[in-house]
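J.: One-letter residues, chain by chain:
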Amino acid sequence: MKYLQEYRDPQLAQEYLREIHRITTRPWRIMEVCGGQTHSLVKNGIIEMLPEKITFIHGPGCPVCVTPRHLIDLAIYLCETAGVTLCSYGDMLRVPGGEKSLLSAKAAGADVRIVYSPLEAVKFAAEHPEKEVVFFAVGFETTAPANALSVVHAARQKLENYAILSSHVLVPPALAAILQDEECCIDGILAAGHVCTVMGFEEYFPLAAAYQVPIVVTGFEPLDLLQGILMTVRQLERGQAIVENQYARVVQKSGNIAARQAIADVFKISDRQWRGIGCIPESGLELKEAYATYDARKKYPVQMPEVNEGDTCIAGEIMKGLKKPFDCPNFGRNCKPETPLGAAMVSSEGTCAAYYHFHGDAHFSSEERSA
Amino acid sequence: MATTNGKVQLHCPVPKPETEIITLGHGSGGILTNQLLDSGVFSLFQNQYLDERHDGSVLRLNGKIAFTTDSFVISPIFFPGGNIGELAVYGTVNDLAMCGATPEFLSLGLILEEGLTMDDFRKILTAIKAAADLVGVEIVTGDTKVVERGKGDQIFINTTGIGHLHPQANISACRIRPGDKIIVNGEIASHGIAIMSVREGLAFESDIRSDTAPLHQPVLALLDAFGENIHCLRDATRGGVATVLNEITRQCPLGIDIRETDIPVQASVAGACEILGLDPLYVANEGKFLSFVAAEVAGEALALLASIPGNSQASIIGEVVATHPGQVIATSIIGGRRMVGMLPGEQLPRIC
Chain A
1 MKYLQEYRDP QLAQEYLREI HRITTRPWRI MEVCGGQTHS LVKNGIIEML PEKITFIHGP
61 GCPVCVTPRH LIDLAIYLCE TAGVTLCSYG DMLRVPGGEK SLLSAKAAGA DVRIVYSPLE
121 AVKFAAEHPE KEVVFFAVGF ETTAPANALS VVHAARQKLE NYAILSSHVL VPPALAAILQ
181 DEECCIDGIL AAGHVCTVMG FEEYFPLAAA YQVPIVVTGF EPLDLLQGIL MTVRQLERGQ
241 AIVENQYARV VQKSGNIAAR QAIADVFKIS DRQWRGIGCI PESGLELKEA YATYDARKKY
301 PVQMPEVNEG DTCIAGEIMK GLKKPFDCPN FGRNCKPETP LGAAMVSSEG TCAAYYHFHG
361 DAHFSSEERS A
Chain B
1001 MATTNGKVQL HCPVPKPETE IITLGHGSGG ILTNQLLDSG VFSLFQNQYL DERHDGSVLR
1061 LNGKIAFTTD SFVISPIFFP GGNIGELAVY GTVNDLAMCG ATPEFLSLGL ILEEGLTMDD
1121 FRKILTAIKA AADLVGVEIV TGDTKVVERG KGDQIFINTT GIGHLHPQAN ISACRIRPGD
1181 KIIVNGEIAS HGIAIMSVRE GLAFESDIRS DTAPLHQPVL ALLDAFGENI HCLRDATRGG
1241 VATVLNEITR QCPLGIDIRE TDIPVQASVA GACEILGLDP LYVANEGKFL SFVAAEVAGE
1301 ALALLASIPG NSQASIIGEV VATHPGQVIA TSIIGGRRMV GMLPGEQLPR IC
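Protein chains in written order, with the working numbering: chain A, 1 to 371; chain B, 1001 to 1352.
Don't take each hint at face value.
[Unchecked claim] Restricting the straight-line Cα-Cα distance to at most 30 Å, the calculated cross-link-like pairs of lysine-lysine (BS3-like) are:
(1) B:1151 with A:106
(2) A:106 with B:1145
(3) A:299 with A:288
(4) B:1151 with A:123
(5) B:1151 with A:131
(6) B:1151 with A:100
(7) B:1145 with B:1123
(8) A:253 with A:268
[Said to hold, decoys possible] Per the computed footprint, the stretches of chain A lying under chain B, defined by three or more beta-carbons under 8 Å from a beta-carbon of chain B, are:
(9) 8-17
(10) 352-358
If you are wondering where the hints come from, they were derived from the structure by calculation, not from laboratory data.
These numbers come from a predicted model, not from an experiment.
Every residue gets a Cβ at the ideal spot worked out from N, C-alpha and C, and that includes glycine.
With the hints as extra help, turn the sequences into a complete structure.
T.: Set out below in structure tokens:
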């Protein structure tokens, strides 16, 4: 595959690894922000190939994992009780809400459809005026422009049967919240390449300066990650804390101006509940008043009860970088992808699911495995 | 009542027996059922067993036989590279082949949904006939039912197959040994991606076609040449190659190592998997199988397999190991290692 294979070159990977090993003299803890990066680090076996002194902390960048339970419950209510056709990205379907997931609601007869783009949901709404269609607008800054455009398209077509259930979250406020935490032990950050493709990386300058952490905008292929790690370790070893851009083939300093404008036109910043972390001020997006008729929460004013994650799940501490999945007594025992106790075990981008999927339950005895 | 040249003509509204769609009447056991079977099924599949028109067939069988059944509920029923008809034949033929048997007889159970067009039904029957002829199996018994609209998905098919075991066949997961090489007979993941490319909501333009194909020829060729050195055979259908490998490690107390770089995937399929966020190791195949072969004959077995048309991309993808029992470990393209586990459910596309 052109433009992918080049970034998976085994010889270049070895050269990056040799250089990382050569320059690493002290223990460093690096957080990769995005779930896609977690997936790639684990899938390619990169973490095991790095010096033992480098520890990876898996950040909050899995949108599925941080969507609060009560919003999933609301989505389930809309399609089960309010008779709505709910369109969603695929990996949102398996995430458990308070009682069940969208997948089990679908199995019980609710109209839940997987789409790849919110514009497919708009098209469906236009073709089915008899149905009320809601798109579950989950994601970081990456998916926000397309979701914003879906509302613009629906407005242009004067559709009255389309709305979005917005659960958008923003990366910089979450990073600030994590870096402010007294227990925070993060030395360097790999910023999420695709989020920065949309937003650019100017908003990371004050974070790097205030918390004295190097932040390197990093892509997702093995060589991207290895180069991003090398750039971060170089800064750390030199005592630097600046923002650098590894993913320069895609990311520009100011991001994608048109995409940012689409977000600004349709959304406004709001406080947001993060599953496993709690409420972070000004860390979410919701529809502006001008588009209120496309806001599913206003169209269907139902209040779902807040549901706690439960005492057993340590996903919040994992996302803050305080713990690893293996530190959890439930990991691989009571909590597995088929029976998740928390959201991080659900999406393949979720830290626990990525660890379970690619590391497996290797640290358990065979008796436990078969149990 | 109508008038022609001022004369009144009376018409008796006799129901037209030939309809262009399947109706509940076709499953009633009456005239419509008989017409459907006479014109569509018996005439097409005629052989000495079906011509008896009995409820079952009497077969003369000696020696070890393999016996298998499979049901086919695929949606859409027509897809790039095939349709549910040939899939229903090859699926059961391949299950027999994986036992090391020569496919000989099939049963054919059809569950039709009211409203299925006769045209589609005929196309599917024709595909079944062509696939059976290609393999050399005879359809010797069957059944047809019709369900109300909304109670099925156009057509469901069940086929059951019987065939004599190859005299040298000794196929079992228990016969796998450390050092055995694992051979796949070609590029993986085409079927699942071809189906996904035409599913509602996920449709995308591609030239990817299902790999649906009978596997008895390559299997019998391997058994002719290497006999008991072929330790285990599995077709990598639902859940793909990764699921089969995991099932094997659960049946025998051994581990499996595979190398991502040695797993053949057609470039367009690999590209589609990247876009959709799917791992080709977990995507379904309908014409791919894994053979676990004694190391000393692996090179020759690969060469033989690759010489059979349709199998030219065959590749040794890994080996059986005594370390890490119960686990499948993949070496990534850059040399890192990871565990390849079982899927918890359907492989769902990722957000970003």
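J.: For every hint, state whether the structure bears it out.
T.: Now for the hints, and whether the structure bears them out:
1. B:1151 with A:106: holds, 17 Å
2. A:106 with B:1145: At roughly 28 Å apart (the allowed maximum being 30 Å), residue 1145 of chain B and residue 106 of chain A satisfy the hint.
3. A:299 with A:288: Within the cut-off at roughly 14 Å; holds.
4. B:1151 with A:123: Given that 30 Å is the threshold and the Cα spacing comes to 28 Å, the pair holds.
5. B:1151 with A:131: Holds, at roughly 22 Å.
6. B:1151 with A:100: Distance of about 26 Å is within 30 Å: holds.
7. B:1145 with B:1123: Roughly 18 Å between the alpha carbons, so the hint for residue 1145 of chain B and residue 1123 of chain B holds.
8. A:253 with A:268: Holds: residue 253 of chain A and residue 268 of chain A sit about 22 Å apart, inside 30 Å.
9. 8-17: holds (count 5)
10. 352-358: holds (count 3)
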